[in-house]
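Visitor: As a plain string of letters, each chain reads:
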Amino acid sequence: MFQLDQVTKHYGATTALDAVSLAIQPGSTTALIGPSGCGKSTLLRMLIGLIEPDTGSLLFDGQSLTPASIRAQRRRMGYVIQQGGLFPHMTAQENVTLMASQVGWSPERINPRLAELAELTHFPLDGLKRYPLELSGGQNQRVSLMRALMLDPEVLLLDEPLGALDPMIRFELQEDLKQVFAALGKTVIIVTHDLAEAGFLAQCILLMRAGRLVQVGSLQDMVSAPAEPFVKQFVRAQRSHLDSLGDSPSLGAFHEV
Amino acid sequence: MKSNSIWLLALIASLLLVLHAGCTRDHGEVAIGSKKFTEGILLGEVLTGLVADAGIPVQHRRALGGTRLLYNALVSGEIDAYVEYSGTLLHEVLADADLDVGFESGTGSGTGSGPGPGPGFEPRSEPGSGLSPRRQTATTRERLAARLAEDGIRLGGAIGFDNNYALGMPKPRANQLGLTRISDLLAHPGLRLRFGNEFMDRADGWPGLRDFYGLPQRDVRGVEHELAYRALASNGADLTELYTTDPEIAYYDLRTLDDDRGFFRRYEALLLYRADLEQRLPATVTALKQSIDLIDAPRMIAMNAAVQIDGRSEADVAAELLRTELGIDRVVKSDGLLVRLLRYTWEHAVLVGISLTAAVLVAVPLGIVAAHRRGLGQVVLGAVGVAQTIPALALLVFMIPFFGIGAGPALAALFLYSLLPIVRNTHAGITGISATLRESAEALGLPPGARLRRIELPLAMPMVLAGIKTAAVINVGAATLGALIGAGGYGQPILAGIRLDDTALILEGAVPAALFALAASWLFERAERAVVPRGIRPSV
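Quick mapping for you: the protein sequence lines, in order, are chains Y and F.
Each residue of the first sequence is one higher than the one before, starting from 46 at the first, in the working numbering.
Each residue of the second sequence is one higher than the one before, starting from 1020 at the first, in the working numbering.
Mixed in with the good hints, there may be bad ones.
Take a look, some chain Y residues computed to stay more than 10 Å from chain F by CB distance [to be verified]:
{"#": "1", "residue": "Q128"}
{"#": "2", "residue": "E179"}
{"#": "3", "residue": "Q224"}
{"#": "4", "residue": "F226"}
{"#": "5", "residue": "A241"}
{"#": "6", "residue": "K277"}
One-sided and incomplete, this derived list gives chain F residues near chain Y with beta-carbon spacing under 10 Å [stated by the list, open to error]:
{"#": "7", "residue": "S1453"}
{"#": "8", "residue": "A1462"}
{"#": "9", "residue": "S1540"}
Keep in mind that the hints were calculated from the coordinates and are not lab data.
Even glycine gets a Cβ: it sits at the ideal position worked out from N, Cα and C.
Turn these sequences into a full structure, and let the hints steer you where they fit.
Guide: Below, the structure written as structure tokens:
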């Protein structure tokens, strides 16, 4: 779905992306992970064309993102930002259906789709008339997810969608997200800083550090065969203190919380 | 977007057209002008009454402003006649033409103090070295008439009185110091001198007088002419300049100091009218010429006193003169308070409504452009900022060459004044939208036009409305100054009240103006509630 070849991006003296090459398969779920400032968000925003590479090439479905084609290409992608990025002057419903009405969908087409998405994301129908400020953080993220999915895009990009939520709601949403990803079978790329979340939601994890891809693989690979000492440190840092309470340092502990 | 801006341009153009049409008048009607002080208005009423008596439709554009404004309005044909003073003509209006070798000053531009095109606006005569006083001669009058003819103006004749400069002080104080002549002042350097601002600045006022007599006083300050009288009465000052037809001379029991060395000049009241009246409406000329030798100095003082001190209306006093002197019976219709208020309110609402609407139509797009193009934005914000720093009075006067007198320049000036708050708030409202929301809109694939219409403008709306509200309140206040150039509105009673020292009259304009501003403010708060969605209302 995405093909990156030697992509580099600088911000002044800082290198946000350093010769990144990777391929993302259609229908796969990929997690981008790494410490703050490692370039994972930059990479995600580059995929939807909010940032252009300085050098190297980026192909979406075999085509590069050009100013002429970008809007059409973006409609084939859904994008969820950390804080939701919902428009505060629109109700939940208006946020979700904004693009659909912009591209001329009829109400007969919009309404069933809205109901379908509300069911999929477990969003209460009476919340659709509310403004973002009148909804909880978790509900806002569900609205944001519905908005991203409205036009039934091929790709879903999520930038730390659960970052600002409290642990209980976060757990609930992780479960829901996994179900949604499984039900839709879309190409999903999710940015997170939580290794457990990455392992839970994605088959493939891209661990980044200082603009470089450090290791690509499953959570199991990271734990059992770290590519470099940094990976080992990163995994250790992410282990819950709860682990030390139990005898088992097994990975299962990540999701028993 | 392109069709939008064309539509906008068309709207502005039609607005300007309406505005322009609003300022031109019917050509069958005669317009009499008057300066913005009691004597000027009285003379305007007299001329108006004379023309009306001849059965010619006539309009009195009262209290228009100062000398230059009136003279230019006469030359450009916005008014057909008014009364001017010889000294003023010689040394203010026609300063370039060397008509009188001597040195004269002018009272003609009225009290010159207070609001209105102030001294800085009037070209000053050169102090020069040839300060030797010289009386105006018939030859001077002839040369003046010849010079006026070049501008298409006829000098109809003298009204019959002079209104000269003099120095005055309360009689008890003058007696105590033994002062009768200006030369006597040399022995009293400690006197407190308070002059009208115009007299202070003009070379033919205090600076010339000081140099001519070698006056030693140091405590000399400029104040409002009317306030100077009150300062004398309350012993806050010792001496001020007078106009010899001021009724206050008698009212405050002032002694006029003898100009023993003859510095001050003559200011004969002269009838001026447009030369083309003789062909266009010859009957008007005949009617106007009835004013020649109609009013002598005591009569003028009495008339001024009837208005300034007894509080009668100018129209009423002028009508009385016409009745007793010429047997002209003219019904003076004076409107009741309610009718006046309605008229002021209507005029004010038109000024504010049109200028504010035009400002919104121009400023919101400007603000949007400024928000999207940073370089251009700085230029736009800078330009509207500069427009805001021009003092309201100066701005009004700058507009006169383009829009004439009346509502036109006032509308243009108010329009310029209203731009800044709206442009700045629109700009701030749009640039203040968080990066997350911008990115959201972009990532959704919304085209730029839809981003502006569906995201940026609605999010900026509370700020834009706040800007419009600020502009409206400023506009309502500034519109009162419009009365200075004949635009009407609440400023009319305020200015008249200041001139006549009539608090009730000032309140007649000030109170409704304040209420009007409050109402405008309230209206925009209501609009905010109606237009801004619940999600971004400040109260949420």
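Visitor: Now tell me, hint by hint, if it's right for this structure.
Guide: Hints and how they fare:
Chain F draws Q128/Y into its interface by the beta-carbon criterion, the shortest separation being 6 Å against a cut-off of 10 Å. E179/Y, annotated as away from the interface, has a beta carbon of chain F within 10 Å; the closest lies near 8 Å. Residue placement check: Q224/Y keeps its beta carbon more than 10 Å from all beta carbons of chain F (closest about 24 Å). Distance to chain F confirms F226/Y as a non-interface residue, since its nearest Cβ pair spans about 19 Å, more than 10 Å.
Distance to chain F confirms A241/Y as a non-interface residue, since its nearest Cβ pair spans about 26 Å, more than 10 Å. Every CB of chain F is more than 10 Å from the CB of K277/Y (nearest about 35 Å), matching its label as outside the interface. Satisfaction of the interface hint for S1453/F is found here, the shortest Cβ-Cβ separation to chain Y being roughly 9 Å, below the 10 Å cut-off. With 10 Å as the threshold, the beta carbon of A1462/F comes within range of chain Y, its nearest partner Cβ sitting at about 4 Å, so the hint holds.
Taking 10 Å as the C-beta contact cut-off toward chain Y, the hint placing S1540/F at the interface is violated, the least distance being around 23 Å.
Of the numbered hints listed earlier, those contradicted by the structure are 1, 2 and 9.
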